[in-house]
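Using the sequences and the hints, build the whole thing.
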Amino acid sequence: METFNYTATADLPADEAFAFISDAPNLPRFLPLDLAEGWLRADAASRQLAWGTESGGDDCGELRVIERGPAQCEIAMTVHTRRTDSAQVRSEMEQAVAALTHKASADADEQREDQQAGWV
Numbered sequence: 001m002e003t004f005n006y007t008a009t010a011d012l013p014a015d016e017a018f019a020f021i022s023d024a025p026n027l028p029r030f031l032p033l034d035l036a037e038g039w040l041r042a043d044a045a046s047r048q049l050a051w052g053t054e055s056g057g058d059d060c061g062e063l064r065v066i067e068r069g070p071a072q073c074e075i076a077m078t079v080h081t082r083r084t085d086s087a088q089v090r091s092e093m094e095q096a097v098a099a100l101t102h103k104a105s106a107d108a109d110e111q112r113e114d115q116q117a118g119w120v
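Sequence positions in the sequence shown follow full-length UniProt numbering and run 1 to 120.
Hints are not guaranteed to be accurate.
[As the list claims (entries may be wrong)] Derived SDA-like pairs: lysine to any residue, alpha-carbon spacing no greater than 20 Å straight-line: (1) 103 / 9; (2) 103 / 66; (3) 103 / 3; (4) 103 / 76; (5) 103 / 58; (6) 103 / 7; (7) 103 / 67; (8) 103 / 22; (9) 103 / 11; (10) 103 / 48; (11) 103 / 53; (12) 103 / 70; (13) 103 / 113; (14) 103 / 13; (15) 103 / 74; (16) 103 / 37; (17) 103 / 6; (18) 103 / 39; (19) 103 / 25; (20) 103 / 72; (21) 103 / 55; (22) 103 / 92; (23) 103 / 2; (24) 103 / 91; (25) 103 / 16.
[Unchecked claim] Derived DEER-like restraints, expressed as beta-carbon distance ranges: (26) 110 / 72: 13 to 21 Å; (27) 4 / 40: 13 to 21 Å; (28) 69 / 102: 17 to 25 Å; (29) 41 / 103: 20 to 28 Å; (30) 11 / 46: 19 to 27 Å; (31) 58 / 7: 21 to 29 Å; (32) 1 / 99: 19 to 27 Å; (33) 86 / 62: 17 to 25 Å; (34) 78 / 113: 18 to 26 Å; (35) 62 / 110: 24 to 32 Å; (36) 44 / 9: 19 to 27 Å; (37) 58 / 113: 16 to 24 Å; (38) 37 / 113: 32 to 40 Å; (39) 37 / 68: 30 to 38 Å.
Note that these hints are calculated values from the structure, not bench results. For each residue, glycine too, the CB sits at the ideal point set by N, CA and C.
Now the structure itself:
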């Protein structure tokens, strides 16, 4: 199995990013994951998400959210796969993290707007 790593910075607090990532309905948006055939473990204390299958023969991986400041974090993804198309795997990881950070930021903005009282 080959291991691929990708890391990107997001202008979003680490806790908000992890809250979005670990919300199960959001996962199919950015992870090639079928939860019906696999497992998912989320550790909020370490802001880490891991996924795989019971057989252990399919793709598996980890995603960590690392705080880099009050409004910035780093998202680090590692994927272990039998795929041999390295360039495509890297491209898919980059797209997944980009989509994740964009959607997590939009979700956080929407939640902040909902908490505001409106026009003052």
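Verification of the supplied hints:
1. 103 / 9: holds (14 Å)
2. 103 / 66: holds (18 Å)
3. 103 / 3: violated (26 Å)
4. 103 / 76: It holds: about 16 Å lies between the C-alpha atoms, which stays within 20 Å.
5. 103 / 58: violated (27 Å)
6. 103 / 7: holds (17 Å)
7. 103 / 67: Within the cut-off at roughly 18 Å; holds.
8. 103 / 22: holds (13 Å)
9. 103 / 11: Measuring from Cα to Cα gives roughly 12 Å; hence the hint holds.
10. 103 / 48: Answer holds: residue 103 to residue 48 is near 18 Å, not above 20 Å.
11. 103 / 53: Distance ~26 Å between residue 103 and residue 53 Cα, so the pair is violated.
12. 103 / 70: holds (19 Å)
13. 103 / 113: Holds. Residue 103 to residue 113 sits at ~15 Å (cutoff 20 Å).
14. 103 / 13: holds (14 Å)
15. 103 / 74: holds (15 Å)
16. 103 / 37: violated (25 Å)
17. 103 / 6: holds (18 Å)
18. 103 / 39: violated (23 Å)
19. 103 / 25: holds (13 Å)
20. 103 / 72: At roughly 15 Å apart (the allowed maximum being 20 Å), residue 72 and residue 103 satisfy the hint.
21. 103 / 55: Distance of about 31 Å is beyond 20 Å: violated.
22. 103 / 92: With Cα atoms ~16 Å apart, residue 103 and residue 92 stay inside 20 Å; holds.
23. 103 / 2: violated (28 Å)
24. 103 / 91: Holds, at about 18 Å.
25. 103 / 16: It holds: about 11 Å lies between the C-alpha atoms, which stays within 20 Å.
26. 110 / 72: 13 to 21 Å: Given a distance of about 20 Å, which is inside 13 to 21 Å, the answer is holds.
27. 4 / 40: 13 to 21 Å: holds (19 Å)
28. 69 / 102: 17 to 25 Å: holds (19 Å)
29. 41 / 103: 20 to 28 Å: This hint holds: roughly 22 Å between Cβ atoms.
30. 11 / 46: 19 to 27 Å: Roughly 22 Å apart at Cβ, these two residues keep to the hinted range, so it holds.
31. 58 / 7: 21 to 29 Å: holds (23 Å)
32. 1 / 99: 19 to 27 Å: holds (25 Å)
33. 86 / 62: 17 to 25 Å: With a Cβ separation near 19 Å, residue 86 and residue 62 satisfy 17 to 25 Å, so the hint holds.
34. 78 / 113: 18 to 26 Å: violated (34 Å)
35. 62 / 110: 24 to 32 Å: Holds - the Cβ-Cβ distance for residue 62 and residue 110, about 28 Å, lies within 24 to 32 Å.
36. 44 / 9: 19 to 27 Å: holds (21 Å)
37. 58 / 113: 16 to 24 Å: Taking Cβ atoms as reference, residue 58 and residue 113 lie about 39 Å apart, which means the hint is violated.
38. 37 / 113: 32 to 40 Å: Roughly 37 Å apart at Cβ, these two residues keep to the hinted range, so it holds.
39. 37 / 68: 30 to 38 Å: This hint holds: roughly 34 Å between Cβ atoms.
Comparing the model with each earlier hint shows violations of hints 3, 5, 11, 16, 18, 21, 23, 34 and 37; every other hint is respected.
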